[in-house]
Amino acid sequence: MKYLDEYRDEKLFRSQLARLKSIATRPWVLMEVCGGQTHTLVRYGIDELLPAGMEMVHGPGCPVCVTPVEIIDKAIALAGRPNTILVSYGDMMRVPGSESDLLQVKALGGDVRMVYSPTESVRIALENPNREVVFFGVGFETTAPANAMVAWQARRQGIKNLSLLSSHVLVPPAVEMLLSSPHNRVQGLIAPGHVCTIMGTGAYETLAAKYKVPIVIGGFEPVDLMEAIVMLAAQLEEGRSEMENQYRRNVREDGNRRARELLFEVYEVCDRKWRGLGEVAASGLRLSAEYREFDAELRFGLEDISVDEPAECISAMILQGLAKPKQCSAFGTRCTPESPLGAPMVSSEGTCAAYYLYRRHSGEMGEDLCVAGEAV
Amino acid sequence: MCLSVPGKLLERNDVGGVLVGKVQFGGIVREVCLDLLPEAKAGEYLLVHVGYAISLVDEEEARKSYEYMELAGMLEGELTAFPDDGPALVVEASPPRDDFAPRGPRGESQ
Amino acid sequence: MSTREMPAMACPMPLAVKSHVVLGHGSGGRLSAALMRDIFLPAFGNPVLNELNDQAAVRLAPGRVAFSTDSYVVKPLFFPGGSIGELAVYGTVNDLAVGGAEPQYLSAAFILEEGLPLETLRRVVEQMAVAARRAGVTIVTGDTKVVEKGSGDQVFLTTAGIGVIPDGVTLGPQYVRAGDRILLSGPIGEHGVTILAQREGLGVSGELKSDSAPLTELCRALVKAAPGLRTMRDLTRGGLSSAMNEIAASARVGMSLEERKIPVSEAVRGICELFGLDPMYVANEGKLIAIVAPEDAEAALAAMRTVDTGVGAEMIGTVTSNRPGCVVMRTSFGTDRIVDMLAGDQLPRIC
Numbered sequence: 001m002k003y004l005d006e007y008r009d010e011k012l013f014r015s016q017l018a019r020l021k022s023i024a025t026r027p028w029v030l031m032e033v034c035g036g037q038t039h040t041l042v043r044y045g046i047d048e049l050l051p052a053g054m055e056m057v058h059g060p061g062c063p064v065c066v067t068p069v070e071i072i073d074k075a076i077a078l079a080g081r082p083n084t085i086l087v088s089y090g091d092m093m094r095v096p097g098s099e100s101d102l103l104q105v106k107a108l109g110g111d112v113r114m115v116y117s118p119t120e121s122v123r124i125a126l127e128n129p130n131r132e133v134v135f136f137g138v139g140f141e142t143t144a145p146a147n148a149m150v151a152w153q154a155r156r157q158g159i160k161n162l163s164l165l166s167s168h169v170l171v172p173p174a175v176e177m178l179l180s181s182p183h184n185r186v187q188g189l190i191a192p193g194h195v196c197t198i199m200g201t202g203a204y205e206t207l208a209a210k211y212k213v214p215i216v217i218g219g220f221e222p223v224d225l226m227e228a229i230v231m232l233a234a235q236l237e238e239g240r241s242e243m244e245n246q247y248r249r250n251v252r253e254d255g256n257r258r259a260r261e262l263l264f265e266v267y268e269v270c271d272r273k274w275r276g277l278g279e280v281a282a283s284g285l286r287l288s289a290e291y292r293e294f295d296a297e298l299r300f301g302l303e304d305i306s307v308d309e310p311a312e313c314i315s316a317m318i319l320q321g322l323a324k325p326k327q328c329s330a331f332g333t334r335c336t337p338e339s340p341l342g343a344p345m346v347s348s349e350g351t352c353a354a355y356y357l358y359r360r361h362s363g364e365m366g367e368d369l370c371v372a373g374e375a376v
Numbered sequence: 001m002c003l004s005v006p007g008k009l010l011e012r013n014d015v016g017g018v019l020v021g022k023v024q025f026g027g028i029v030r031e032v033c034l035d036l037l038p039e040a041k042a043g044e045y046l047l048v049h050v051g052y053a054i055s056l057v058d059e060e061e062a063r064k065s066y067e068y069m070e071l072a073g074m075l076e077g078e079l080t081a082f083p084d085d086g087p088a089l090v091v092e093a094s095p096p097r098d099d100f101a102p103r104g105p106r107g108e109s110q
Numbered sequence: 001m002s003t004r005e006m007p008a009m010a011c012p013m014p015l016a017v018k019s020h021v022v023l024g025h026g027s028g029g030r031l032s033a034a035l036m037r038d039i040f041l042p043a044f045g046n047p048v049l050n051e052l053n054d055q056a057a058v059r060l061a062p063g064r065v066a067f068s069t070d071s072y073v074v075k076p077l078f079f080p081g082g083s084i085g086e087l088a089v090y091g092t093v094n095d096l097a098v099g100g101a102e103p104q105y106l107s108a109a110f111i112l113e114e115g116l117p118l119e120t121l122r123r124v125v126e127q128m129a130v131a132a133r134r135a136g137v138t139i140v141t142g143d144t145k146v147v148e149k150g151s152g153d154q155v156f157l158t159t160a161g162i163g164v165i166p167d168g169v170t171l172g173p174q175y176v177r178a179g180d181r182i183l184l185s186g187p188i189g190e191h192g193v194t195i196l197a198q199r200e201g202l203g204v205s206g207e208l209k210s211d212s213a214p215l216t217e218l219c220r221a222l223v224k225a226a227p228g229l230r231t232m233r234d235l236t237r238g239g240l241s242s243a244m245n246e247i248a249a250s251a252r253v254g255m256s257l258e259e260r261k262i263p264v265s266e267a268v269r270g271i272c273e274l275f276g277l278d279p280m281y282v283a284n285e286g287k288l289i290a291i292v293a294p295e296d297a298e299a300a301l302a303a304m305r306t307v308d309t310g311v312g313a314e315m316i317g318t319v320t321s322n323r324p325g326c327v328v329m330r331t332s333f334g335t336d337r338i339v340d341m342l343a344g345d346q347l348p349r350i351c
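Residue numbers (the working numbering), protein chains in the order written: chain R, 1 to 376; chain H, 1 to 110; chain L, 1 to 351.
Incorrect hints may appear among the rest.
Said to hold, decoys possible - Result set (BS3-like, lysine-lysine): computed pairs, CA atoms no more than 25 Å apart in a straight line:
| no. | chain 1 | residue 1 | chain 2 | residue 2 |
| --- | --- | --- | --- | --- |
| 1 | L | K209 | R | K106 |
| 2 | H | K8 | L | K75 |
| 3 | R | K21 | H | K64 |
| 4 | L | K75 | R | K2 |
| 5 | R | K21 | R | K212 |
| 6 | R | K2 | H | K41 |
Derived from the structure by calculation, the hints contain no laboratory data.
Could you put the whole structure together from the sequences, leaning on the hints where they help?
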């Protein structure tokens, strides 16, 4: 597949790694923000190939993982309502709420429909005029414009039985929170490439300057990530702290203006609670006044619930990059993908799930019992 | 995150006021909504997320970046040969795994 | 009284002609007999079944008897490349064949949901009959029950099969040794993505077809060509990963695979990339893994490629003594990754 396979090319990957080995002299601590990037790194053992003691800290870039428990509970409540169809992405189906998850609700007879594209919720609403259809829209800035289209289409077509339960988060405020924390160890950042296709690169340029931290907008394939790491290492070795764009084939400085226009017509910025991080100011999206009629929480009068996470779950530490899954006492025993205690174990790109699937057999401190790719 | 895949736009149509394109991904074709990228033209490569085209692949930029990467790699002079086909690398001695049993539904050994 | 004034007669006898399955079809009475007569016998008819005894009495060839059973609950019932009937026949046939057995007889038990159109049942049964003929097995006994509407999903099918393993053929994970070669009969993931695309309405078009097929001839060819054939396993749910992990666990060996050697069709690749699926975990219905002694590997591979179900066969890896119980894959760009058992089903993802 063009523009995908080339970035999994072995020769290119190895040559990038060789470049890294020739320039890196210190144990730099880098963070990749996006869960998809974490997934690639862990799955292919790339983070374990880094020279000079360099370390990848995994960031909070998993919108599924950071969706507050209350929202999951609200989705479950809506799915259990009579005459209601809850439409959701596959990723959310197994995320644990306080007591249940959407898949279990479906098993018990709730009408929960899994979709790949938000447009399908519009179709479902049109096909079921006598039922309420709620679209559970989750995601970062990448997904928000597509989710916004649901409300936009509903308004344009005058669809009365469609509403949205939204949990959107914006990346830059969360990154800023991490960088400004006194516990922060991260010296260089790989910014989420697909978010930037929509939002452009400006926010990361600002952050790089403000916190004197090099930030590289990175892609998701092994060669992309390795190139981004090389670019960060080069900056760190040279004492620079700029924003650079590794993912130039897909990311423009101005992003996708049309998508942003639509996004900010339907949504507006608000404060948002991130599961595991707590409240982050101006880091979320909610329906704007003009579109508030499509807000499922308002339409169905869902009260605010406050929920405690299971005490053993250290997802807060994981999402801030302050701990690795192996350090969690429940990892792989009481907390597994089949019976997760927190979202990072369930989400397909959650850090804990990635470690469980690809690293479970590693030693306690992360050293691998099977040495990965040592031919390099 | 934001699983997005590049595909080639084969054709585009207006379907009831919505711009819909047929995009090829490897051996399959799927309909993609072009409302977020209305300027996309047949023959171009698009980045697709949740059934929407969100960005145009800049083919010229891709070519340049790629060539740069290849060149940089060669200048380093460290392009290594492919490993031989054959048995896996011999790994360091490690504690034998003591649980070979298949896992049950709750992750427990059976 | 004139005919016009005669009261309407409410006749308690059920209508003889039915278009849908009703509860009576499972009760063992006339309706059940009608089902046998009109649907099952015309399709499956053979001397043993035609006797309609409570049991089928058959002769087996000499050797050890192999016995296997499986249930099939696939949705949709019909899909590109197959149907529930074919899966039910080939699935059990393949379970026998990979053990080195010559499959001979099958039983077929149906649990039907009230309201199932008889035309649908007829189609299922006819396709089963075609599959049975292609696989060289006879369906000699069976059963039908009907459950109330809502208590079953159209058709639940269970087949059990008997075959005979000739003397001299001994296969099993216990014979697997470090150094053995791992052979895969063809491209993976075809069945699973086809079903997913149909069931979830993923809206894709392309060369998507289930690979549902009988593997008897392929197994025979392997047994003949490779005296050092250790074990075979057909890939079903859980994909290539499950089969490899199960053998690794049972045999207490490590498996080392090469991603570049594992064939995946362009269509399957497209779907997997788009929906975030890993082909290693996607279901198959007409593929197998064979583990052979290293000196027999070339001959075994060549033999596989002469059979239609093995045309795309490849040597994909080696058995090792490193990390017993673990399946490790050398990725296409040179790193190693562990291929673990998947928990639950893969769902299409957007993240």
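Structure-based check of all given hints:
{"no.": "1", "hint": "L:K209 x R:K106", "result": "29 Å, violated"}
{"no.": "2", "hint": "H:K8 x L:K75", "result": "31 Å, violated"}
{"no.": "3", "hint": "R:K21 x H:K64", "result": "24 Å, holds"}
{"no.": "4", "hint": "L:K75 x R:K2", "result": "33 Å, violated"}
{"no.": "5", "hint": "R:K21 x R:K212", "result": "24 Å, holds"}
{"no.": "6", "hint": "R:K2 x H:K41", "result": "17 Å, holds"}
The earlier numbered hints that this structure contradicts are 1, 2, 4.
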